[in-house]
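**Student:** Position chain B relative to chain A; hints supplied.
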Amino acid sequence: MNRILPRHWSLMTKLPLTITLMVFASALTIGLVVIARDGARQTARLETQTLALARAVAAAGQDALLNRDTWALYRTLDQLIERQQAASGDTPVVDAAFLDAEGVVMAHTDAAAHPIGLPLIAQGPLASRQISYALGAAQATLYPAELRDPDLVHAVVPLRVDETDVGYLVLRSSMQPMQAQLRKDSWLVLAFSIGLALVTSTLGILISRRMVSPLRDLANGIAAVSQGGRAEVREVPLIDRDEIGLLAERFNRMVSELERNKRLEQDLANAEKLAGLGRFAAGLAHEVNNPLGGMKNCVNILRHRPDDADLVRKYLPMIDTGLDRISATIQALLGELRGESNAHPCRMGCLVDLEALIRAEIAERPIALTWNVEPQVLMGVSISCTCPHVHQIIMNLSRNAIAVMPEGGSLNVTARRCGGELVLEVADSGPGLDAAAQRRLFEPFYTTSRQGTGLGLWITYTLIQRMGGNITVDSAPGKGARFTVTLPTVAPFKVPQKESERAA
Amino acid sequence: MQPVVDRRKLLASAAAAALLAAPRGWASLGPGGALRVGLTGVVVREYMRSFNRLADYLALRLGRPVEFVLRRSYRDIMDLLERGELDAAWICGYPFVKPRNPEYLSLLVAPVYRGSPFYRSLLIVPSASSAASIIDLRGSVFAFSDPDSNSGYLVPRTTLADAGFNPDQFFRMSFFTYSHAETVLAVARSVADGGSVDSYVYNTLQKFEPETVSGTRVIAQSRQFGFPPIVVRNDLAPQIRDRFRDALIGMASDAQAVPVLALLDLDGFTEVSPALYDPIREMAKRFAKAATAEVPLQ
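In order, the protein sequence lines correspond to chains A and B. In terms of our numbering, the numbers along the first sequence are unbroken and rise by one, the last being 522. In terms of our numbering, the numbers along the second sequence are unbroken and rise by one, the last being 299.
Looking at chain B on its own, in the form it has when it is part of the complex:
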């Protein structure tokens, strides 16, 4: 445990310094100069402890408070980002690749998960289910995580479309859980006959909530995609952005960050090229085209 009193003192002094140092004309930070970082369902938002630890760690490194902001959907977080109510966010590759005009976001870093900045989309069913592929789930109930999720929405729908099915008519009923972790729960409880989840979240849950995950079974996995990145608003003060990036990248080599990374089940953060997300971009384009073509796929 970090000594709380020390942290508060440090935060107070850091906040005061930041206020004085903040250059005019740049996007305002939160109260007390806090860096406001949005979280989406790409992580297990309910693991408050791990994000508190990460916030504390980053605050020390940045010399200013760091505040994680939770909202129900990816869309809510994107809206906050767009309106400048957030300075940064941990979002999915799919919303990242969606075209924005003007572009107000830039890629900061991507997490390193099991040695690389990649993850996959997993197709899960209840452990008692006999389904062997997504085709077997025809006419059943399906749980999507979020309409703006790559692994939890874009991938399964594209898979169905590629197989010649109309994703809107394939299932008897589908719903959004707005969180990969909730999708796992929905499938484990048989509320849904199948679901599509982020491999990172699924594996993390397996580590921390094995009894929930044991109610599910993975029947398919996608190709690998760029791991949900951390993005910042373009108008974030460069020195803050740089310190934020350096702090995240430095975690992998900082002994103090080891327990925080262990809680997040990550190896660290690394700088990546936006091209990492090109496969998602292509898929999104294809999907948008198919959706607007209004041609029966089946």
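Isolated chain A (complex conformation):
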């Protein structure tokens, strides 16, 4: 439907069509104006010639009219007009007549229709008015326009001898040959205009194809770029060095810049990945190495004094502690890497005891806890996670917050529903994080404190990712930190009570 409207047409159509129409219109207008001017000029020429011929015939016939020599008059008309026609074929005399002073025909070229010796036959009121005008003519003149027959030029020449009317010569010539020629010229102009329009439309199609094809390539290229399939973006071939050529050139330059940036980005990502792996390995080594040092000392002491029961009592638990720590680290790593977790529906009030746990963690520290978790916040929703996971996320974030505020401060925990999402917020008034720290915050083994394993936030991050959620941090040095977790809810959760009843 829209294709019908010109603004939806292709440039390939619009451009040649516009050129063609403009050329056609101009050629036609110029041609018709020229023809109109030519027509006016030719009409004037025909009038002049008709009057001149009438004067000449009248002069030649004057004596014969005086002598009432009818045949000589007729021959004068016949021969002069015939000669004039032969000399300039474009004076198409229709008829001519000599009348005497009373309007009686003395000679008429159309003798059969206008017998001599009788008054000139007037057919119709116009002819009567023409005759009375002719018989009243005082000098050689053309009939006024309102007295002329259509397409004819009338001339009358009165013949006077010594102030006496002898008679009149009336002569009519036709404008039709001239008009036929003008019509022929008009057709010629039309044909020429159409021909010119055809030539220019062909030219227009060629030009527009040349202009439009790079534009189309550009559009396709831009579409490919916007879809991200930059690998398939081809360079637009350069044809002309005009504005479109410039555009194509700049597009090509942009494409190659994008290619380069993409390669750089990939290189950077690879480097980051490798660096992250290195840091992971170093962190793991550090975590294992620390207890290993203490345990090695214990083993060395026990080797030198294997029988000292006090020493054994003292150092074996220390070795156990070291081994436990290594084991815990490995367990934590393994657990997260395996992604083991069994999805259980959330229970009502599952977050209630969390507040007590956090307060226990705060213990004697002067930290003000603001607990903004509605007990029913998880009611009626199903999130692709389990209650312990939500529990763990809040716990981990709160524990970190408490750890960075040894001198006290405020801790703000919020859980609320926002649209189809569950939003958790943990905000502290601690020292805050700089930009570099924020970037690496969720890497495994990254920590800002001596005591931390650097796995807490990484585990939190991994959990959230697995649930299809998102975690952001809003922080600046000295301004505290606010972690915001967004978790999508999947579908209305309807069955927890029934299930618990059935289990019971």
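These are computed hints drawn from the structure, not numbers from a lab. Computed from a predicted model, the values in this text were never measured in an experiment. Ideal placement from N, C-alpha and C gives every residue a C-beta, glycine not left out. A hint or two may mislead.
Chain B regions said to be covered by chain A (calculated; three or more residues, Cβ under 8 Å) [stated by the list, open to error]:
| # | stretch |
| --- | --- |
| 1 | 165-177 |
| 2 | 184-196 |
Anything over 12 Å on all C-beta distances counts as not near chain B; from chain A, calculated [stated by the list, open to error]:
| # | residue |
| --- | --- |
| 3 | Ala-58 |
| 4 | Asp-183 |
| 5 | Gln-194 |
| 6 | Ile-212 |
| 7 | Thr-218 |
| 8 | Asn-279 |
| 9 | Asp-338 |
| 10 | Arg-343 |
| 11 | Ile-344 |
| 12 | Ala-421 |
| 13 | Ala-455 |
| 14 | Arg-458 |
| 15 | Thr-480 |
| 16 | Thr-502 |
**Tutor:** Chain B only, in chain A's frame:
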């Protein structure tokens, strides 16, 4: 075609001989001793080619140039003849029979047309006309050839007079064309509703200008009259007159004259008695009487 150079040489020598031989006291010939022959509308004067050929032929036979002289009316030619500005003329029977005092003309020869020295007057109308006789042309426009023409004036007017009409009042309008050929044109173009012409001219035109003649129709023809004769002035030197007569009469039996005669559409020339023109003479007398009687004929 005759070789032009030969003709000129011959004419020059012939002219010189003629000047020396010309007897004193006789009518003078034209410049260079040319024999001046007047032509009237009894022939198609516009057929210049045929008269040039005839002049060339006669010049050879006469040993002197022959010059044909054209004038508008028969009257002009008769005046020239009378004044001696012409030596001979091809005139109509009507002016020939008009009484002259003193008589300065004599009959030389008459043409032989279709086997005899006779012709007729034809009454013609436009081919679309419904007229069946001259009576039907009453109140219309009539074309006469010449007031001194037998076939083109005397015959139709006498016919009307014989039928009891006043020829001056019979037609609405009449005019003279001063030539039979022009009369045919006037009728063919419907300028005139009828006309009276020489049968010889009409038939010749039919041969050479059939499209003009096809616009006309013959509705009546007269009895036959003596063909327009060739006359000479009485004071023309007898030997020239005789050679002229012999040359004309000899044409019929001269192979060289055949193409000339063919152009003129004639069989030849023959000597005739002036009595040949008596019917015209009688008619002219009657006509003159009627015209002077001033008695209404109608």
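**Student:** Take the hints in turn and mark each one as holding or not.
**Tutor:** Each hint, compared with the structure:
1. 165-177: It holds: at least three residues are needed, and the stretch 165-177 of chain B offers 4 whose Cβ sits within less than 8 Å of chain A.
2. 184-196: That given contact holds, which follows from 5 residues of the stretch 184-196 of chain B lying within Cβ reach (below 8 Å) of chain A.
3. Ala-58: At roughly 37 Å from the nearest Cβ of chain B, A/Ala-58 sits farther out than 12 Å, so the non-interface label holds.
4. Asp-183: holds (20 Å)
5. Gln-194: A/Gln-194 is indeed farther than 12 Å from all Cβ atoms of chain B, at 23 Å.
6. Ile-212: Check passes; 45 Å lies beyond 12 Å.
7. Thr-218: A/Thr-218 is indeed farther than 12 Å from all Cβ atoms of chain B, at 54 Å.
8. Asn-279: holds (100 Å)
9. Asp-338: Nearest chain B Cβ is 150 Å from A/Asp-338, so the label holds.
10. Arg-343: holds (141 Å)
11. Ile-344: holds (140 Å)
12. Ala-421: It holds; A/Ala-421 is separated from chain B by about 135 Å at its closest Cβ, greater than 12 Å.
13. Ala-455: Correct as stated: the minimum Cβ-Cβ distance to chain B is 124 Å, above 12 Å.
14. Arg-458: holds (121 Å)
15. Thr-480: Holds: least Cβ distance 121 Å, greater than 12 Å.
16. Thr-502: A/Thr-502 is indeed farther than 12 Å from all Cβ atoms of chain B, at 118 Å.
In this structure, none of the earlier numbered hints is contradicted; all agree with it.
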